[in-house]
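Colleague: The hints should help you fit chain B onto chain A, whose structure is shown.
Protein chains: 2
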Amino acid sequence: MEDIIKINGYGGDFMNNPSVADLACSGMIGQIVTTRGTLHAVREMGKVTFVILRKRDGLLQCVLTEEDGIDVPVMASALEVTGVLQANEKAPGGCEIRLSGLRVLSHADRTLPVAIGKKRMNVTLEKNLDLRPVTLRNLRERAKFRIQMGICEGFRNYLTAQHFTEIHTPKLSARSAEGGANIFKLDYFHHPAVLAQSPQFYKQMMVGVFERVYEIGPVFRAEKHNTKRHLNEYTSLDFEMGFIDSFYDIMAMETGVLEAIMTNLKENYAPELAALDITSLPRTDNIPSVRFDRAKELVSEKYDRPIRNPYDLEPEEEALIGRYFKEEYDADFVFITHYPSKKRPFYAMDDPADETFTLSFDCLFRGLEITTGGQRIHQKDELLAKIEKKGMTSEGMEAYLLAFECGMPPHGGLGIGLERLTMQLIGEDNVRETTLFPRDMTRLTP
Amino acid sequence: MEDIIKINGYGGDFMNNPSVADLACSGMIGQIVTTRGTLHAVREMGKVTFVILRKRDGLLQCVLTEEDGIDVPVMASALEVTGVLQANEKAPGGCEIRLSGLRVLSHADRTLPVAIGKKRMNVTLEKNLDLRPVTLRNLRERAKFRIQMGICEGFRNYLTAQHFTEIHTPKLSARSAEGGANIFKLDYFHHPAVLAQSPQFYKQMMVGVFERVYEIGPVFRAEKHNTKRHLNEYTSLDFEMGFIDSFYDIMAMETGVLEAIMTNLKENYAPELAALDITSLPRTDNIPSVRFDRAKELVSEKYDRPIRNPYDLEPEEEALIGRYFKEEYDADFVFITHYPSKKRPFYAMDDPADETFTLSFDCLFRGLEITTGGQRIHQKDELLAKIEKKGMTSEGMEAYLLAFECGMPPHGGLGIGLERLTMQLIGEDNVRETTLFPRDMTRLTP
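From first to last, the protein sequence lines are chains A and B.
Residue numbers for the first sequence follow the working numbering, beginning at 37 and rising by one.
Residue numbers for the second sequence follow the working numbering, beginning at 37 and rising by one.
So here's chain A without its partners, still in its complex pose:
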């Protein structure tokens, strides 16, 4: 029977594919090593050919001469290479392999449709997105999403240290938190259902359970905007916390989160930052906070621009606010507080000093909104009054209201758009550039 039933006897070979960094600090210089990767580029330099492998953490240079009698396989083949590991400070990871053996593990069927080996591929955004499974193999493209991983790690690690609980809330529901027209609808076993626009109701209800919660997950918005800043599906970094004194606590927590993200990128993603030519990360030690109405005045005065709509920030105004605080305070992030009540959802807490404004904020990063947050109403009677004032109905909100009936602490929270934060950090001008597989009004593939 023992030849049929193995006990923990399988595998372990997954450790046999060292990364470039593993090789560089392996102490194996001068010895024969074996490793695997994808043929990324070939450079013929007279009698010497450099066979460049793409590995999970960067490029590995392999050296071949005419006398070796080894044929270079077709591009994009998956290879296993063997040879002496040599120090070479000109090679990408500081080491290279003097090839003595090469095995093709799998082969490509065609030449690649784009030159992924170049630093910039020189393709249109449309083509980049159409050919996503291939274009992402470009090192610069790939690095963007490693940075995105670093952002998520920073967010999670900081909030975990602050005693937050990670939750997974449903994306299919009978009704939506925000209401309104921008909802994807579907048939759920002959019942009407919607896709979650945000985890808002759920994360609030969970404050009554865990006190502090966060979630990283997809949200769906059927907005009919096809702009450089909008996606119809994106990844939202949400948190919500109880027992706050005011919405300033939420801003302080976000400041901590942003600081943790930048520290994590600096410490653990240096190669990716270098691949993207990012030499300095944004400052998080000087985030100004300014009232919505005052911010509008400031940019109107400084840049001689009339205030057209006192209740909303136009994209151009956001950009100017970013510019203003960069020029005046050398700030990359700005908190805009006290948004008008008519532009915030019903659960936002109004400012008792002036009910036309709310105890809420946006965070702008280099002139683009990346966060919306604020304090929420926590007493049921106030919530019902606000629902009525907004001309809404509480039908379908029974479970949400039950949480308040049964006691909810003062609380607030926020949502950060992952792709937008990445876009601003990297300095791209279209959010699709920093989305793995973007979804917009005209794009549902690949």
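Keep in mind that the hints were calculated from the coordinates and are not lab data.
Among the clues, some could well be false.
Copies of the same chain look alike in the list, so a pair counts if it works inside one copy or between any two.
[Claimed, not checked] Below 27 Å or equal to it, Euclidean Cα-Cα: the simulated DSSO-like pairs (lysine-lysine) are: (1) Lys338 / Lys42; (2) Lys221 / Lys426; (3) Lys422 / Lys154; (4) Lys362 / Lys264; (5) Lys221 / Lys378; (6) Lys221 / Lys260.
Modeller: Relative to chain A, chain B alone:
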């Protein structure tokens, strides 16, 4: 201007709500402290009243006597309490507060519909789920989802250390990876769209980019099963890795993941394990691996049960396999390998030794399938042949096939059902018990 614009001057007060553990090891015994929490239970013991607060990490006992002249607020109120911190080894966290002040931050409007202060609430599952925002406040219920967080942490931390990249793939697409009837469909700006049944296509394509990827996210299955083990939306822990020698590498990686999860729970979730009466975690050092056909024979022989369907495992058979390996090997997990080809999707790699079986596996945990995984086909011609053999069409798979045309390494991966893993770990008998807000054929709320 400085009175209007604050610079990092907001908040920081979010640190002013110490947890029970913070208080216990604060060195503040004998001193006056202030903290916040929800009124969870009140115990009148003659002249002394114990006011029990629920905090994010457990219960905090506050002591009140008749002479204090402090009224006990209504249950479930959010409170701020002040008093001398006293050591008391009988108190939940080893300390208690001798109350001198109490402030109501917000109040409940009604008595709670269930006795959340009891160890077990004694409600039906239906009622538990209907009243989810309240029933989750029960310490045992809450602990289940803290354990779930610990599972996700263990998964992520282990794979990050193994150089995996975290990805976020779209949940809305023009077509599904698995195909078939169990797909939720919707209208996407007048185009037909589906909800992702799994990130399968995307994670495979990303192996060509990052070599090793993982994702924790929702998946949607329109299966018309209303059983104790099925959900129509669940959280899937997926990974996929390139340059494998065989699917045994995937099993080895899963073994490492499971080990890391158990270690994380043991080290960081002891209070939650105690709340759930879990005194020992499952063994991961002796996971047997057995072929599908042999496993069926073994239980048929030992438990005298005829093999009715040679191509599928019935739930009862899975349970018996779990029992067999517990009895014979003291094993909690079992890998069942070489599933029949006709029961696996087209992208599964057939066993070259016998094409009626695949190089794939399931992992059973205490007799329930929690994982499906295996090696995938990595050459395009084989993939096309398999699609044809299955009577399918490759229409709509252009981007997926492009990845293979442009070279893909040998690879494989798996998906673990988070709620099922939690259910088996905790010893619940219905997966809804370990889902925050379950979605099944008849439940779309709360």
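Colleague: Now look at each hint and say whether the structure bears it out.
Modeller: Structure-based check of all given hints:
no.: 1; hint: Lys338 / Lys42; in the structure: between (74 Å within a copy, 19 Å between copies)
no.: 2; hint: Lys221 / Lys426; in the structure: within (23 Å within a copy, 33 Å between copies)
no.: 3; hint: Lys422 / Lys154; in the structure: neither (56 Å within a copy, 35 Å between copies)
no.: 4; hint: Lys362 / Lys264; in the structure: within (22 Å within a copy, 57 Å between copies)
no.: 5; hint: Lys221 / Lys378; in the structure: within (26 Å within a copy, 35 Å between copies)
no.: 6; hint: Lys221 / Lys260; in the structure: both (15 Å within a copy, 20 Å between copies)
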